[in-house]
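Below are the chains, spelled out letter by letter.
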Amino acid sequence: MGLMVEGKELETDEEGYLLDLNDWTREAGAELAKTENLEMTDSHWEVIDFLREYYDEYQIAPAVRVLTKAIGKKLGKEKGNSKYLYELFPYGPAKQACKVAGLPKPTGCI
Amino acid sequence: MLHIVNKSPFDKNSLESCLSCASDGSAVLLYEDGVYGAIKGSTYAEKLQSAMSNITVYALEPDVKARGIADKVIDGIKLVDYTGFVELTADNEVVNSWL
Amino acid sequence: MSSVIKQFLYVNRKAPYGTVYALESLEVVLIGAAFEQDVRLMFMDDGVFQITKGQETTDIGMKNFSPTFGALGDYDVKYMYVCKQSLEERGLTVDDLMDLKWEDEDDDWAEKDSIILVDRAEIKSLMTDADVVLSF
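Heads up: the protein sequence lines correspond to chains A, B and C, in order.
All residue numbers for the first sequence refer to our numbering, where the first residue is 1 and numbers rise by one.
All residue numbers for the second sequence refer to our numbering, where the first residue is 111 and numbers rise by one.
All residue numbers for the third sequence refer to our numbering, where the first residue is 210 and numbers rise by one.
Chain A on its own, in the form it takes in the complex:
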């Protein structure tokens, strides 16, 4: 199973996560969002960008608890809670947002 992005097929695993995070582009992110039925807004992309930066620095996707804390610190207190993140990514911020961001499924993901 693959993901078609601008005429090119990107490899994914059986759950639709990108196999190679270097394949990721914004367009790929948009396609991945469609597979999760997400209407992407700037608020969504803000979280996606954050996740990609976090992964780039630490080589892991953060657990939800860590993600909410870090988002709150970086993007403002009103965004640093699981309610806000679950509104954006109803099926779990770590799981869904990581998928759109082209990251592997997070360790310790609940």
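By construction, these hints were calculated from the structure, which means they are not laboratory data.
Be aware that one or more of the hints could be misleading.
Below 27 Å or equal to it, Euclidean Cα-Cα: the simulated BS3-like pairs (lysine-lysine) are [to be verified]:
no., chain 1, residue 1, chain 2, residue 2
1, B, Lys122, C, Lys333
2, A, Lys34, A, Lys8
3, A, Lys73, C, Lys321
4, A, Lys74, A, Lys105
5, C, Lys310, A, Lys77
6, C, Lys310, C, Lys333
7, C, Lys287, A, Lys77
8, A, Lys79, A, Lys34
9, A, Lys77, C, Lys321
10, A, Lys79, C, Lys287
11, B, Lys157, C, Lys293
12, C, Lys287, C, Lys272
13, C, Lys287, A, Lys74
14, C, Lys272, A, Lys105
15, C, Lys262, B, Lys122
16, C, Lys287, A, Lys105
17, B, Lys157, C, Lys333
Residues from chain C that keep clear of chain B, each with C-beta distances beyond 10 Å, as calculated [as the list claims (entries may be wrong)]:
no., residue
18, Val220
19, Asp247
20, Met253
21, Glu265
22, Asp268
23, Glu297
24, Asp304
25, Trp318
26, Ile325
27, Ile332
28, Lys333
29, Met336
30, Phe345
Computed beta-carbon distance windows for the label pairs [said to hold, decoys possible]:
no., chain 1, residue 1, chain 2, residue 2, range
31, A, Trp45, C, Thr302, 39 to 47 Å
32, A, Pro104, B, Tyr192, 37 to 45 Å
33, A, Thr35, C, Trp318, 36 to 44 Å
34, A, Trp45, B, Thr199, 47 to 55 Å
What you are looking at is a predicted structure, and each value in this text was computed from that prediction instead of being measured.
Glycine included, each C-beta is placed from N, C-alpha and C at the ideal position.
Using the hints, position chains B and C against chain A.
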């Protein structure tokens, strides 16, 4: 506290590290290849014997017998069977299994 | 979530890439820390090689997981004990290790050092004081 070692001290430094980290009154159990550390007169014996003034050392008898060293075990090392092994792990709240 | 917080001490004694122990340990640490337990790490023997600076694994085709130790502060892992003697034996000093920090929420997010050098006597009491000791 119980420390468990299953590597030969002639191959790995697990026993040596364990002995340097075992506080007074704690127990050390040797099993599998760890029992080679229990051999009398080896280059390792002296270290183990001096540690035995503060800690209790056990060795798993089936492993000792299997390796043909039953008559070479340092005096003072207590031999235990599998039930004894289980009892030791049950009696000690914290168990550190050295790899 | 369980309300009982236990102190977990992860003792790391293996070098990072020759065996899978170091990576496995780190994964377990991340999972344990996600459950809001008091998680502490200890590095002794070859384990000190896990947190050296400047690891570059591209050419051996393995993932360099050393940057992940930098994230542990976010997981409220505040204490990373490093055996002084093990460093010395390997010709290393604390300056050869990554500069690992955690942020103290109760002190206006001040950055604090995670690495604490300990001798064998301190290691003895740290092991005795832990509720659970896990060796890798």
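Hints and how they fare:
1. Lys122(B) to Lys333(C): 20 Å, holds
2. Lys34(A) to Lys8(A): 16 Å, holds
3. Lys73(A) to Lys321(C): Distance of about 17 Å is within 27 Å: holds.
4. Lys74(A) to Lys105(A): 22 Å, holds
5. Lys310(C) to Lys77(A): Holds, at roughly 22 Å.
6. Lys310(C) to Lys333(C): Satisfied, since the Cα-Cα distance of roughly 24 Å is no more than 27 Å.
7. Lys287(C) to Lys77(A): 23 Å, holds
8. Lys79(A) to Lys34(A): 23 Å, holds
9. Lys77(A) to Lys321(C): 22 Å, holds
10. Lys79(A) to Lys287(C): With a Cα-Cα distance of about 25 Å, the restraint between Lys79(A) and Lys287(C) holds, given a limit of 27 Å.
11. Lys157(B) to Lys293(C): Given pair Lys157(B), Lys293(C) holds - Cα atoms ~21 Å apart, limit 27 Å.
12. Lys287(C) to Lys272(C): Given that 27 Å is the threshold and the Cα spacing comes to 24 Å, the pair holds.
13. Lys287(C) to Lys74(A): 21 Å, holds
14. Lys272(C) to Lys105(A): 16 Å, holds
15. Lys262(C) to Lys122(B): Holds - the C-alpha atoms of Lys122(B) and Lys262(C) are around 26 Å apart, at most 27 Å.
16. Lys287(C) to Lys105(A): Holds - the C-alpha atoms of Lys105(A) and Lys287(C) are around 25 Å apart, at most 27 Å.
17. Lys157(B) to Lys333(C): 17 Å, holds
18. Val220: 7 Å, violated
19. Asp247: 14 Å, holds
20. Met253: 7 Å, violated
21. Glu265: 27 Å, holds
22. Asp268: 28 Å, holds
23. Glu297: Its Cβ never comes within 10 Å of chain B, the nearest being 14 Å, so this holds.
24. Asp304: 24 Å, holds
25. Trp318: 34 Å, holds
26. Ile325: 16 Å, holds
27. Ile332: Non-interface label fails for Ile332(C): nearest chain B Cβ at 5 Å, not farther than 10 Å.
28. Lys333: Nearest chain B Cβ is 4 Å from Lys333(C), so the label is violated.
29. Met336: 6 Å, violated
30. Phe345: 6 Å, violated
31. Trp45(A) to Thr302(C): 39 to 47 Å: Cβ of Trp45(A) to Cβ of Thr302(C): about 44 Å, so the range 39 to 47 Å holds.
32. Pro104(A) to Tyr192(B): 37 to 45 Å: 42 Å, holds
33. Thr35(A) to Trp318(C): 36 to 44 Å: For Trp318(C) against Thr35(A), whose Cβ atoms are near 37 Å apart, the range 36 to 44 Å holds.
34. Trp45(A) to Thr199(B): 47 to 55 Å: 52 Å, holds
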